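Full structure from sequences and hints, please.
As given, the protein sequences belong to chains A and B, one line each in that order. No gaps in the numbering here: position 43 of the first sequence is 43 in full-length UniProt numbering, and each next residue is one more. No gaps in the numbering here: position 55 of the second sequence is 55 in full-length UniProt numbering, and each next residue is one more.
It cannot be assumed that every hint is accurate.
[Stated by the list, open to error] Label pairs and their in silico Cβ distance ranges:
1) Ser-32(A) - Gln-182(B): 36 to 44 Å
2) Ser-208(B) - Ser-184(A): 25 to 33 Å
3) Gln-131(A) - Val-91(B): 49 to 57 Å
4) Asn-181(A) - His-4(B): 14 to 22 Å
[Claimed, not checked] List of simulated lysine-lysine pairs, BS3-like, C-alpha gap at most 30 Å:
5) Lys-170(B) - Lys-76(A)
6) Lys-178(A) - Lys-195(A)
7) Lys-178(A) - Lys-197(A)
8) Lys-170(B) - Lys-80(A)
It should be emphasised that the hints constitute simulated quantities derived from the structure, not laboratory data. None of the values given here were measured: they were computed from a predicted structure. Even glycine gets a Cβ: it sits at the ideal position worked out from N, Cα and C.
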Amino acid sequence: MDNPVGFTFADPPQTAPRPHELHEGSDPPWLSPERVAELRLELGRAIQRMCPPRLAAQADDLIQISLLRLVERLRKTQGKQDFNLAYIKRTALCALIDEIRRVRARGETAFEPEDGGEPAHPHRDADPQQQLWARQIGDHIRDCLANLITPRRLAVLLKLQGESGRETATILGWTLRKTENLISRGMADLRQCLKGKGHG
Amino acid sequence: MGFHDSELQHHFQQAAAVAPDQSCPTAEDLWRARLGELSPGRTRRIAAHLRTCSGCAEDWRLVQFQQRQDGMNPARPIGQSRAWTTLAAAVLLTAAGFWLVQHRVERAEPTRVMRGEQQPGDLISRQQGAALSREACLLAWSVQTPAPPVSHYAVRVSTDDIFEVVFAAKNLSEPRITIPPQRLAALPRGTALTWRVTVYFENGTQVSRVFHARLD
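Take a look at the structure:
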């Protein structure tokens, strides 16, 4: 499966917060050092798997942030709500996305592979005219989408995001048949609109 | 000549970044929206936002990638064609019949060990494939020999709902545990349970394995 942001996975984080860094005093049974260490270990694995090399230096911070979120939730629920592996991964991914957003907001470089693989933005190295053309098409697609009727626009948007018809149907709460019709008609509208803008 | 779908996808996904604003959904909302866990209105607002915010569109694809990796794709859509529904019903009926037959066999031989592709030291369940009784929910497993001496075991049982851990136990000396019935009382019949056993060996190593079962 293609990695959507074109990164390879980073080396495993070497260090991570120790349990005693997260809470002081006597531990309630649901926040034992063993439990915290277990959560830290699972988070470390998840972050190791997801973290792009560009953010490898922040891996420890990401583990720490995720761990604090989990511990906070444990505290709020007095240990009545525990987490399985899927929830731990979800927490790690949300922390990672927040970090990516911070980097993006600071205007830092986009995420590109550091192992010589396919660049995340292939047209970046193309000649300026090609870049301009590619950017223009992207803008025109967005403009054309704005002109579609709402249901078709939503269906086509998710299609352009790489969702299958079945996935789109579930996400938007429609039947598969309705979704496929909307995608089909929406894509035809989009092509027609692009043709009117000189692409086609 | 017009664009292929993949070309349109490519150009849309590679469009110039648009700075995020305050209306950007949280990462948590992106996750939930893709799983169909949010209200339809909220989900559609988020989907519409992806048109104007390439940052969130990229974040969506990251969530999509991760959920696909973890086998967490959105569930089946709410409507299907008549032919597909009929086929699905037939498959379900066949599976239910098979399950009933197997369930009876498992009940008659509760200690039968299922042998699979496990390696020495790996764990095997004694319930694999059988439904768990809510009144006497015994989880039992064994370690494939030869294996180092076992120090202790830990068990964690959760529902497929990613929030809910039903039961957990540590420092078990025996390879079995009974889940108290009150822990299962609120769960509907047929609930899919995932139980994870970790065996800690005396030499400091450990092995974990996840098993699946349905609640009777």
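Going through the hints against the structure:
no.	hint	in the structure
1	Ser-32(A) - Gln-182(B): 36 to 44 Å	violated, 23 Å
2	Ser-208(B) - Ser-184(A): 25 to 33 Å	violated, 46 Å
3	Gln-131(A) - Val-91(B): 49 to 57 Å	holds, 51 Å
4	Asn-181(A) - His-4(B): 14 to 22 Å	holds, 20 Å
5	Lys-170(B) - Lys-76(A)	holds, 23 Å
6	Lys-178(A) - Lys-195(A)	holds, 26 Å
7	Lys-178(A) - Lys-197(A)	holds, 28 Å
8	Lys-170(B) - Lys-80(A)	holds, 17 Å
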